[in-house]
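> Letter by letter, the chains look like this.
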Amino acid sequence: MRRYFFIKGDKVPGAAAIASWLAVFLLLSLLFWFAFSRVRFAWDWNAVYTYRFKFLKGWLVTVAVSSAAMTLSLVIGLATALAHRAPFLPLRYLARVYMEIIRGTPLLVQILIFFYVVADAFGINNRYLVGIVILAMFAGAYISEIIRAGIESVGETQLESARAIGFTRAQIYRYVIFPQVTRQILPPLAGQFASLIKDSSLLSIISVSEFTLNAQEVNAFTFSTLESYLPLAVGYLILTLPISLWTKRLETRFRYAT
Amino acid sequence: MRLEMNAIVKSYGDHRALDGVTLALPDIRTLAVLGPSGSGKSTLLRILAGLETPDAGEIALDGDPVRFDEEYLLRHRRGIGTVFQSFNLFPHLTALDNISLPLEKVHGYEASEAATYALQLLARFQLAGHALKTPAQLSGGQKQRVAIARAVAIKPRLLLFDEPTSALDPEMTVEVLDLIAELRQEGRPLVLVTHEIGFARKVADLVVFLHEGRVLEWGEASHLFERPSTPELRGFLDKVLRY
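These protein sequence lines map, in sequence, to chains X and U.
Just so we're aligned, residue 1139 is where the first sequence starts under the working numbering, counting upward by one.
Just so we're aligned, residue 35 is where the second sequence starts under the working numbering, counting upward by one.
Fair warning: there could be bad hints in the mix.
Pairs of lysine-lysine, DSSO-like flavour, derived with a Cα cap of 30 Å [as the list claims (entries may be wrong)]:
#1 U:Lys167 / U:Lys236
#2 X:Lys1386 / U:Lys167
#3 X:Lys1386 / X:Lys1149
#4 U:Lys167 / U:Lys189
#5 X:Lys1149 / U:Lys167
These stretches of chain U come out as covered by chain X in the derived footprint (C-beta under 8 Å, 3 or more residues) [what the hints assert, rightly or not]:
#6 110-118
#7 131-142
Bear in mind the hints are in silico, worked out from the structure with no lab data behind them.
C-beta: ideal position from N, C-alpha, C; glycine also.
Could you put together the complete structure from these sequences and hints?
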């Protein structure tokens, strides 16, 4: 019995892994079974089932909005990280202010202010576009920190030898810094992308018709709360779980000595 | 190579690393720069390499004054091979790519041309079997030999070595010093900052002795080692040659 559940070190035998996973699964099942059995609730999956395509549509919008925001957030993050090291001082300070503001305020507040004040002032009324930009700016601030840490992890001595070789500044970034940074930042970057997908649910507040908003609407139409929100949780897990697992693999693969 | 330096001053904050270095060496073949820690040897070398700009003073190589603007320095660095104490190979590249990358991106070689030439050099330095290894898979001595191959590959007008063996075991020190001695045979001018006094004595034909940011003595190696005229150099040699 003991040998199935107590392991020293990192090597886990297959039998022990299966036994422990089963134990965890059992425990959680019990917990949820107990919780749900206490809820006096008349389950009605039929009402929700009729809205299945609405769920799917919302989920696809979440996928689309998140993918667009990810791409844009990478661009913003990279630009901010470079601005942080720019020779032109005001640019550095601008990058810092941007980061502090974004990281110091809740995303929900940013969405509201950006949508009702900034976007309005500039006459942008496509809420999908606004949603993507806000999400990208939010994630971009964190990504810039990830990239910056990656850039700074490339040792001073390497930069010096790159200079001694006669590389230009652009070449140093291109051939020495970026190849090393990409490997290092992939795991935290993937984590940030998973957060971004979850955070996209907040766009429901400005009526972006994404996954969460659609679930809320189904809930309103059918008065079936749990039947609307459980698929919601599963829908997000389908997106975030693979990223999380992939991150774990990356972390082990890129652990190379310098 | 003819090297002239006139009143070179370099400070880091309050610390004056070089305090008016003036030198005129008509023909450098193998120059050893000696001196205690903190005497300014490395700073002097870094200025020669175009990695550091002096606060005041002039340098000329073969009569060409070195201009300390980025554009000139870029060209200057491309003509000089520098080898550092801590190897400084790029960890994400193989030994082969470490050598061929600068050839390709800085010196305009075709990719295949650069690879062939890099392989030749590796073979010459008994490193052929390690061409596809990354620095993490190489020993300290092998890393330093790859670094030297990278510096030599560009056919520099001047080779600089900044304490190339300080980070090595004695055994590996020998393989690196052997290689430097071999390069010297080829007649490419080289400047060597080193703590290996025995080696400097053997290979150098010129010696500069720095002390507290100033040149106290310079001249023919044999002469300086036999008859040091300042008490500082005498004390220094006494200490480093005691054991």
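> Confirm or reject each hint.
These are the hints, each one checked on the structure:
1. U:Lys167 / U:Lys236: violated (33 Å)
2. X:Lys1386 / U:Lys167: holds (26 Å)
3. X:Lys1386 / X:Lys1149: holds (16 Å)
4. U:Lys167 / U:Lys189: The hint holds at about 24 Å.
5. X:Lys1149 / U:Lys167: With Cα atoms ~28 Å apart, Lys1149 (chain X) and Lys167 (chain U) stay inside 30 Å; holds.
6. 110-118: holds (count 5)
7. 131-142: Check passed, 4 qualifying residues.
Consistency note: the structure conflicts with earlier hint 1 alone.
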